[in-house]
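Trainee: Chains as they are written, first to last, in this note's numbering: chain A, 1 to 350; chain B, 1 to 557; chain C, 1 to 186.
Bear in mind the hints are in silico, worked out from the structure with no lab data behind them. Heads up, some of the hints might be wrong.
[Stated by the list, open to error] List of simulated lysine to aspartate or glutamate pairs, EDC-like, C-alpha gap at most 20 Å: (1) B:Lys-458 <-> C:Glu-76; (2) C:Lys-172 <-> B:Asp-449; (3) B:Lys-458 <-> C:Glu-111; (4) B:Lys-447 <-> C:Glu-76; (5) C:Lys-101 <-> C:Glu-76; (6) B:Lys-232 <-> B:Glu-191; (7) B:Lys-24 <-> A:Asp-16; (8) A:Lys-5 <-> B:Glu-425; (9) B:Lys-459 <-> C:Glu-143; (10) C:Lys-172 <-> B:Glu-454; (11) B:Lys-447 <-> B:Glu-417; (12) A:Lys-5 <-> B:Glu-336; (13) B:Lys-240 <-> B:Glu-191; (14) B:Lys-476 <-> B:Glu-465; (15) B:Lys-289 <-> C:Glu-76; (16) B:Lys-459 <-> C:Asp-38; (17) C:Lys-162 <-> C:Glu-111; (18) C:Lys-172 <-> B:Asp-131; (19) A:Lys-5 <-> B:Asp-354; (20) C:Lys-91 <-> B:Asp-413; (21) B:Lys-54 <-> B:Glu-452; (22) C:Lys-172 <-> B:Asp-352; (23) A:Lys-294 <-> B:Asp-392; (24) B:Lys-459 <-> C:Glu-111; (25) B:Lys-240 <-> B:Asp-169; (26) C:Lys-162 <-> B:Glu-456; (27) C:Lys-172 <-> B:Asp-413.
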Amino acid sequence: MLFSKADAPHLTTSSDVQSLMLKVVYALIPGSIAMFWFFGWGVLFNLVIAISVSLIAEAAMLRLRRRPVMPALSDGSALVTACLLALALPPLAPWWLTTIASVFAIVVAKHLYGGLGFNPFNPAMVGYVVVMISFPREMTFWTLPMGVAEGWPGFIDTVSLVFGLGAADSPGIDAVTMATPIDTLKAQVNLEYDIAYVRAHRVYGELFGTVTGVGWEWINGLYLLGGIWLIRQRVIDIRLPLSFLISLVLISNFFAVFDYASYSSALFHSFSGGTMLAAFFIITDPVSASTTPKGRIIYAAGIATVTYVIRTWGGYPDGIAFAVLLMNMTVPLLDHYTRPRTYGVAERRE
Amino acid sequence: MNAADNSNIVKTEEDVWHFHGGIKLPGHKQMSTQTPIARVPASKRYVIPLNQHKGAEGEIIVATGDRVLKGQMLARPHGLISAAIHAPVSGTVIEIAEHRFPHPSALPGLCIVIENDFQSEWIERKPVAGDYINMSSHDLRTIIRDAGIVGLGGASFPTAVKQTEVGIDTLILNGVECEPYISCDDMLMRERADEIIKGLQIIAHIIRAKTCVVAIEDNKPEAITAVTSAVKHSGSSTIKVQRVSTIYPSGGERQLIKVITGKEVPVNGLPSDIHVLCHHVATSYAIYKAVFEAEPLISRIVTVTGRGVQSPQNLEVDIGTAIQDCIEFCGGYKKEAQSLIMGGPMMGLTLDTDQLPVIKSTNCLLVSAGIDITLPSSENHMPCIRCGKCVDVCPANLLPQQLYWFSGSKHYDRAIEYNLFDCIECGCCAYVCPSQIPLVQYYRHAKSDIWEQERERKKSDIARERHERRLERLEKQKQEREARLKKKREALSKNKHSRDTEMEKKKALIADALARVKKKRSKQNIKLRNTENLTAEQQQKIKEADARREQMKQQGK
Amino acid sequence: MMVVVITLAIIAALFGLVLGYSAIRFRVEGDPVVEQIDALLPQTQCGQCSYAGCRPYAEAIAKGEADINQCPPGGETVIIALADLLDVEAKPLNAEHGEEKASRTVVYIDEETCIGCTLCIQACPVDAILGAAKHMHTVIESECTGCDLCIPPCPVDCIHVKPIQPTLNTWKWRQPDGGFAVPRAG
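Given the sequences, and given the hints that come with them, work out the whole structure.
Mentor: Listed below in structure tokens is the structure:
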């Protein structure tokens, strides 16, 4: 009889950080497969580069900060950050773009603030925003989705595009890169074409499927399914995606009702771009989100609002990254003012 | 069933309130409820600690070497919040010394050690029995106090002190037993429901309660049946039995009050503030024994269970029995036994030896084999990922995450602001934490640190006063000394002055006298005789006299 | 041009009035922060902070002459409390002023060796030693703050330090370590 000593409680759930993070990765798989199907090898390269660079950067930072490397490395948080970055960045992004984004996300946004659990800003979004602002041209290297073009560039072509092995003026790049539907819509609407015209018009219309861009419905739909699975597995809090999507739908419907020609519908907003990825995977990053129940609802609604504002009137096509970072800044305030009423306290005094 | 029966029919779950949070845990109670309660045979030696309840330790009224009878009081209550201690067997007091007993600090405490003479000779008992109806609340409380009855749900608060309020609307009897593995209350309710209800009626009489509710979790159907029929036998119309959903920790007093009445106990308040009072079923049973059989609290039901013990079961154990004897009675340890926990798996205390006595708060001895009970190491836990699961399960609706940050960084002011002292240490937050942070440990450390700081502050206030008094005293001494010196100096200078004038006077007198003499001489023109024509002899005599004068002058110098 | 000058002058005058009014209306008599700082200090009067006692140290902090991390008996708790009070950053204890002791200590006098010289009585800042010239000295343990100022003056080295043992009423739960959030060597 050992008589081992320990502190109460002596029971615990089987979930730990690693299993939570791995479940997030599993939920990303269907959407990533769709991404790969529509946009080609570039997606895979992004993933490989992002994951390897992130893990190396994380190990290096842990060493420098004198923390035990293996427990922190194996908890899967760097893996999730890398996957989210890889899926958000354009498929033909050069290798150095992905590398810079990953390094920024892990080293600056995560470890310089204290490592897992201490970062105020979502690391994947920080990495994304840094390259978005610094290298705007490369951020438009989206291939034509399958179904519009005959196919995406082959394996060898992709390697040469991504790693810059081909000549800089290779015909490959110009022929295959296009903006996303959101980008296109925005640019054309700014030129005062109305939405229906843009969608119908052959040149640009190729990009649009029934609802939104070709392929994007599938991708967003599969992320949605993955997200629902995560909620069932109690990995993420349902308040965040629910509040985000409802707010987005309400706002976009509100404006679309006023002027259908100039404002896209709620459905478009919900299923285009990174909406579903954001709703279930990006804004649900527990470390940078609000922690109180009411705070989370406000946080997600805020992200939806700012996203819509940037998408409709702002300079960048997809405002999710900026919206997330802006709302990350408000989290301490939200947490302070949305404290739940403790048992036995008569009323919340502020 | 006639209408009168419906008044104490079991209430269904629909009209029950809920508290925030809570977790569902697997019960593991079946393993220890297969056999009826067994009595542990008497042992040779009983170690009875004085520190078994909240409040002051009792005053010992026996001495080493005394023969004591079964049920004799060994220590009487000391002060208002205190409880008595009694001998569980007749025998001799062989020692009153420091011994180890179950306590989280593992420090020893003063214990009375009795050697059993196996005669089971009782003290003279004069039970009040049914006559209690005619007694005053004060007298009944005295009986309870002198019987050493404390809350047997785990808090060990002296029961008589709780019963001082009158005008209670609802008296709740807590038969919930929400922690996994523990089944002592279940068996007590199954086998001795009549006595529990009689005890309940005594309590209701003391505090003039309007209604009584016996709360039982719905995973104990046999107990519910037994208690319901006991209520029917009693013929009381104010007692109801209520089923409560099996959620941990619905057995916590504050949570149970919310579930039964829908009201919340105010922060820093007591249940009596909202006209509610809670007692435990085992306490009620002990009160019955004290009033109807004049037996003090000298034994209790203990569940010995877990995958590490050969035959898990419930035992009736005398206070002071060694834990080892209880385990041996249940067949001893299995090979895979790893740890011994006093209490349940959520809030229990791991013991590092079984050579400790069973005390009044020992409700369960859980021997774990490491299969379903993990003992996570609290060292090297992952950092908090702010997932918020702890917020979802906290039954006191706190923010365990923020309390963790503040406790860990010693920002105790903020921790108190976030209601650290409302934490009931149930362990729900640590249970769900994916980073396996030992949250309850942080809060317990923070609370004891804060209490220590308060004690230190009081001590430092006294030290400051002593220091200031000392400075005042030194200052006063200095001033007195200076005053004295000043006086002396003044006196000296005054003396000098007067001596000078005296000297002056004297000189003046002498001068006057000389002047007078001179004048006289010159006036009288006296001629000196015999100064010329001296003979040789006279000259010789003058020379000798001069020489003698010289010598004397030399010697005088 | 003139308009600008006049406008700025008027604004400056307005702010001057507001400041002057505030200076008079919200003036605080005395220096209450010294009392508040002193209330947080442990009153050991040991002098390790390099001031002659806790009160002079409090006054120095209030004046800005001393830093908040010079008190070893107060330790981390007091540093954090002072940081909260004065709204500055909490910092680790300044090692030049001593180490925080693992547990509180008191002293006791070895009565076999004591010669009754009263030097320790004169040194004790809280008068916790009882005795008189040529009589036995003894430490009143409940009043001893553990400052150790009595130890150097004793000519026969009969004063010894002992840690205060926790009792059932004063022991504390162990502090859990910080897990992976804290750096480790190597």
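Trainee: State for each hint whether it applies.
Mentor: Consistency of the hints with the structure:
1. A threshold of 20 Å between alpha carbons decides the hint, and for B:Lys-458 with C:Glu-76 the separation of about 18 Å falls inside it, so the pair holds.
2. With a CA separation close to 7 Å, the supplied pair C:Lys-172 and B:Asp-449 stays within the 20 Å bound.
3. For a cut-off of 20 Å, the pair hint linking B:Lys-458 to C:Glu-111 is broken: about 30 Å separates their Cα positions.
4. Taking the CA atoms of B:Lys-447 and C:Glu-76, the gap is near 16 Å; set against the 20 Å cutoff, the hint holds.
5. Proximity of C:Lys-101 to C:Glu-76 is assessed by CA-CA distance (about 11 Å); at most 20 Å being required, the pair is judged to hold.
6. For the suggested pair B:Lys-232 and B:Glu-191, the alpha carbons sit about 16 Å apart, so the restraint of at most 20 Å is met.
7. A threshold of 20 Å between alpha carbons decides the hint, and for B:Lys-24 with A:Asp-16 the separation of about 18 Å falls inside it, so the pair holds.
8. Restraint check for A:Lys-5 and B:Glu-425: satisfied, since their Cα atoms lie roughly 18 Å apart, inside the 20 Å limit.
9. Annotation: proposed proximity of B:Lys-459 to C:Glu-143 holds, straight-line Cα distance about 8 Å (limit 20 Å).
10. Between C:Lys-172 and B:Glu-454 the CA atoms are separated by roughly 13 Å; this keeps the pair inside 20 Å, and the hint holds.
11. About 13 Å separates the Cα atoms of B:Lys-447 and B:Glu-417, which keeps this hinted pair within 20 Å; it holds.
12. Proposed proximity of A:Lys-5 and B:Glu-336 is supported: the alpha carbons are some 16 Å apart, at most 20 Å.
13. A C-alpha spacing of about 19 Å is found between B:Lys-240 and B:Glu-191, which places the hinted pair at or below 20 Å, so the restraint holds.
14. Between the alpha carbons of B:Lys-476 and B:Glu-465 the distance comes to roughly 16 Å, so the proposed pair stays at or under 20 Å and holds.
15. Between the alpha carbons of B:Lys-289 and C:Glu-76 the distance comes to roughly 53 Å, so the proposed pair goes past 20 Å and is violated.
16. For the proposed pair B:Lys-459 and C:Asp-38, the alpha carbon gap of about 14 Å is at most 20 Å, so the pair holds.
17. Distance restraint check for C:Lys-162 and C:Glu-111: the Cα-Cα separation of roughly 15 Å lies within the 20 Å cut-off, and the hinted pair is therefore satisfied.
18. Only pairs whose Cα atoms come within 20 Å are accepted, and C:Lys-172 paired with B:Asp-131 is rejected, the gap being roughly 47 Å.
19. Simply put, A:Lys-5 and B:Asp-354 have alpha-carbon atoms about 13 Å apart, close enough for the 20 Å limit, and the pair holds.
20. Restraint check for C:Lys-91 and B:Asp-413: satisfied, since their Cα atoms lie roughly 18 Å apart, inside the 20 Å limit.
21. Our distance criterion of 20 Å between C-alpha atoms is met by B:Lys-54 and B:Glu-452, whose separation comes to about 18 Å.
22. Note on C:Lys-172 and B:Asp-352: the hinted pairing holds, with a Cα-Cα distance of about 18 Å set against a maximum of 20 Å.
23. Taken as a hint, the A:Lys-294 and B:Asp-392 pair is honoured in the structure, with Cα atoms around 12 Å apart against an allowance of 20 Å.
24. A distance of roughly 26 Å separates the Cα atoms of B:Lys-459 and C:Glu-111; the hinted pair therefore is violated under the 20 Å criterion.
25. Our distance criterion of 20 Å between C-alpha atoms is met by B:Lys-240 and B:Asp-169, whose separation comes to about 13 Å.
26. For the hint pairing C:Lys-162 with B:Glu-456, the CA-to-CA distance comes to about 18 Å; that is within 20 Å, so the pair holds.
27. The hinted pair formed by C:Lys-172 and B:Asp-413 meets the criterion: a straight-line CA distance of about 18 Å does not exceed 20 Å.
Checked against the numbered hints given earlier, the structure breaks hints 3, 15, 18 and 24 and satisfies all the rest.
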